Amino acid sequence: MIRLDGITKVFPGVKSLENVNFEAKAGEIHAILGENGAGKSTLIKTIAGAYIPEEGTIHFAGQERKWATPKEAKDAGIQIIYQELMLFPELTAAENIFIGKMPRTRFGTIDYKTMYRRANETLDSLGHRLDPRAPVRDLSIADQQMVEIAKALIGETKLLVLDEPTAAISGREAELLFECVKLLRDQGVCIIYISHRLEEIFSIADRVTVLKDGQNVGTHDIHELDRDKLVAMMVGREVNNIFPPKKTPNADVAPVLTVRDLRAPPKVKDVSFDLYAGEILGLAGLVGAGRSEVAHAIFGSMPRTDGTVTLGGEAFNAPTPRDSIDRGLGFLTEDRKGEGLMILLDMAANVTAPVLSEFTTTTGLDRNYEVQAAEDEIKRFRIAVPGPKSGVYQLSGGNQQKILFGRWARACRRVLILDEPTRGIDVGAKVEIYEIIRKLADEGAGVLVISSELPEIVGLCTRVLVMREGSVTGEVVSTEISEETIMHYATAASADAAQGAAR
Amino acid sequence: MSEVSAKATEKTTQQMALLRQFSVPIALVALVATATAVQPSFLSPNNIQDILTQTAPLALVVLGQAFVILVRGLDLSVASLMASVAVLATAFNATSNVMIPLIFASAILVSAVVGLINGLLVIKRNVSPFLATLAMMIVLQGIRFYYTQGAPSGSLPEGFRFLGAGRIAGIPVNVIAFTICFAGLAWLLHKSSFGRKIYITGGNPASADLVGIRSDRVTITCYVICSVMAGIAGLFLMGFVGTVDNWVGRGYELDAIVACVIGGIALTGGRGTLWGAAAGALILVLIFNIVIIMGLPVQAQMIIKGIIIIFAAALFAKAIQA
Chain A
182 MIRLDGITKV FPGVKSLENV NFEAKAGEIH AILGENGAGK STLIKTIAGA
232 YIPEEGTIHF AGQERKWATP KEAKDAGIQI IYQELMLFPE LTAAENIFIG
282 KMPRTRFGTI DYKTMYRRAN ETLDSLGHRL DPRAPVRDLS IADQQMVEIA
332 KALIGETKLL VLDEPTAAIS GREAELLFEC VKLLRDQGVC IIYISHRLEE
382 IFSIADRVTV LKDGQNVGTH DIHELDRDKL VAMMVGREVN NIFPPKKTPN
432 ADVAPVLTVR DLRAPPKVKD VSFDLYAGEI LGLAGLVGAG RSEVAHAIFG
482 SMPRTDGTVT LGGEAFNAPT PRDSIDRGLG FLTEDRKGEG LMILLDMAAN
532 VTAPVLSEFT TTTGLDRNYE VQAAEDEIKR FRIAVPGPKS GVYQLSGGNQ
582 QKILFGRWAR ACRRVLILDE PTRGIDVGAK VEIYEIIRKL ADEGAGVLVI
632 SSELPEIVGL CTRVLVMREG SVTGEVVSTE ISEETIMHYA TAASADAAQG
682 AAR
Chain B
-4 MSEVSAKATE KTTQQMALLR QFSVPIALVA LVATATAVQP SFLSPNNIQD
46 ILTQTAPLAL VVLGQAFVIL VRGLDLSVAS LMASVAVLAT AFNATSNVMI
96 PLIFASAILV SAVVGLINGL LVIKRNVSPF LATLAMMIVL QGIRFYYTQG
146 APSGSLPEGF RFLGAGRIAG IPVNVIAFTI CFAGLAWLLH KSSFGRKIYI
196 TGGNPASADL VGIRSDRVTI TCYVICSVMA GIAGLFLMGF VGTVDNWVGR
246 GYELDAIVAC VIGGIALTGG RGTLWGAAAG ALILVLIFNI VIIMGLPVQA
296 QMIIKGIIII FAAALFAKAI QA
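Here the protein sequences line up with chains A and B, keeping their order. Using this note's numbering, you'd call the opening residue of the first sequence number 182 and step up by one each time. Using this note's numbering, you'd call the opening residue of the second sequence number -4 and step up by one each time.
Honestly, the hints are just simulated from the structure, not real lab data. Keep in mind that the hints are not guaranteed to be accurate.
Some, not all, of what chain A presents toward chain B, calculated at C-beta under 7 Å [claimed, not checked]:
1. Leu525
2. Pro535
3. Thr542
4. Gly545
5. Gly609
A few chain A positions that, by computed beta-carbon distances, are all more than 12 Å from chain B [claimed, not checked]:
6. Asn422
7. Leu526
8. Thr660
This one's a predicted model, so the numbers in the text were calculated from it and none came from an experiment. The beta-carbon is built from N, C-alpha and C at its ideal position, and this holds for glycine as well.
Just chain A, same shape as in the assembly (with noise of 0.2 Å):
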């Protein structure tokens, strides 16, 4: 369906595309595999005509094409849904499905009578049962998502191209949007599928492309591939223990943390547990199960409304992100940039954030020790960064997660609850994250670890705490953690798993 020779594409100080060729068939899931910065969406945004390569040649449907504007590439069937989706919240499910071509009555007025009933056969052939007159900003994210495919097929779909579809959804919800993308391939389309995680494209995909470093290391059918080879393929080198080893805590003296009855509502109903010191503890549960909800309700950046929390023994109630900060509670949040990163300031800034009066004087910030503090964590965590004073924005996700570890890992000891810590990172670097939360650990410092990578979860923690609709429905120790068990207590039924709990 679509061909590519000896694509180039270069960026002043972008890694970008060398001399690559690619090749996608109709009826097929194609996934495009490869780390941050390796090429993928400059490839995708070469194939969607977004980009105009230096060298090389694009094929699509056998001939062969220039694409001068995106539109072109659109016009000819491409259709790309991005990571963030492109739809119009005020507008209700059809009319973003139709945009652009919604259909007229013989006024010229849009018939929107055959527009829902459009949108709604549509939706219907994708399996789906949401209704076509909500506005989108009401929709789940992956109804939003279902919506984009919606659009896609309207228009003369050969090739759909989908950016990290489930970054922000899980369960079963991805796995819905799993079947629809079999079925559009079983309907003959082709389909480029990019994503981070290894185990959907196992589940996913036919064949995998890998890219490294702007070139295309390999494509190879999926069957002929296992879950090290590919990593070894995308990392250049053989990674043998993803996580590091685990180790139980002590947990005959007292616990860190401990939450009891925690409300916090709308989200969180009803949390309770013990942290142990040199302790990793998984949170898991669906999206939306109040995960996050809970870490901040305990940091205090969100108010409780009932419960009891004790930070090394001492009552821990109704506190501030400052207080958290100043007894040695630290929060790493899930949204990097949006709530994390001061993009705006150099690294050093961001690592003494939180603790800015241990650099105060009384002439004003003490900006060398700030500066050589900054450096201690660059070379702590083998931070990639040109120095503590430049800046963050152009930085890898790794490094910058790496760079929110040291401002943490510096500021709090006691406790520190992790939100999504390897979010949007590449496989290198999270092989990295996880030897830091080891080493935190092993420091002393209690970890809770909130992730949605059920792989993550098995691999790195001793103990694992399963949410659901705002309640720890299941609590999974040592040799029982398994993804299959996680997800039978975050999905399960609340009765079925209140007896799971019991027993």
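Given chain A, put chain B in place with the hints provided.
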């Protein structure tokens, strides 16, 4: 071939970065050169003193405005506050210079309260800075009119004239006052930990709260600083003009914002320096002067001001993209 074009783009980006970095000094030099070309006596010590004296009151307002803009705000009430403070000064009906410190103290107090209300409206009641400070501007105006019933009548101590237009060893007194304020505020913004909190809050209030910074308090404090600076500026401008009417400082709210934008304070918050803001004020005053020197109608000032805003905004947009 591709390599060549990439290098070329890289070169232009570097040139752009350089241009941005030095745009303020370049503009200053260019303006002074233009003015000198049109009128050779422009660089005479006397004229320089005059220009600095004209700049100081605006620059004082600009210093405060910069703090508010840095935390993603805007203060439209500064000019109205300047006039109100001037009217307040006449209310003392004082003739002795001994009263000046008391007048200053009460002006600062009133200004601080105004700033506090602005800040509380914006932070606690979630009123947009534009609306909150616009309303404050009108309220102050109303109070002022109500009190003066048309024209202020009280007398002022002679000393204000000296503060506004006098010189010590050839240096304008209001420039000395500005320098002191600048030194203090520059330390606060660029050297103290509170200044860091301002940049963190302005860059992203959500992440500020999550590192334990009370972004609400930081923002409110910036509004208080802005109003206090406006109050001080009002007294100095009153001394410079020599008389008090209901419109001391008229137009200063927009001039102050324009000066900040020219000086590189981003309206989106968290970006810019106090040096830049002060230089922005000087650039603006130089432009006004050139308009007059060149014999252009005063209305040309407005047109030029508008064009500058567009250029500054465009330059800033380029900076965001890069």
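How the hints compare with the structure:
At its closest, the beta carbon of leucine 525/A sits 4 Å from a beta carbon of chain B; the interface hint therefore holds under the 7 Å criterion. For proline 535/A, the interface hint holds, since its Cβ comes within 7 Å of a Cβ in chain B; the closest pair sits about 4 Å apart. Checking threonine 542/A against chain B: minimum C-beta separation of about 9 Å lies over 7 Å; hint violated. Interface hint at glycine 545/A: satisfied, since its Cβ lies 4 Å from the closest Cβ of chain B, which is below the 7 Å cut-off.
For glycine 609/A, the interface hint is violated, the least distance from its beta-carbon to any beta-carbon of chain B being 26 Å, above 7 Å. No Cβ of chain B comes within 12 Å of the Cβ of asparagine 422/A; the nearest lies about 33 Å off, and the non-interface call holds. With a closest Cβ-Cβ approach of about 6 Å to chain B, leucine 526/A is found to fall inside the 12 Å limit, against its non-interface label. With a closest Cβ-Cβ approach of about 36 Å to chain B, threonine 660/A is found to remain outside the 12 Å limit, as its non-interface label requires.
Consistency note: the structure conflicts with the earlier hints numbered 3, 5 and 7.
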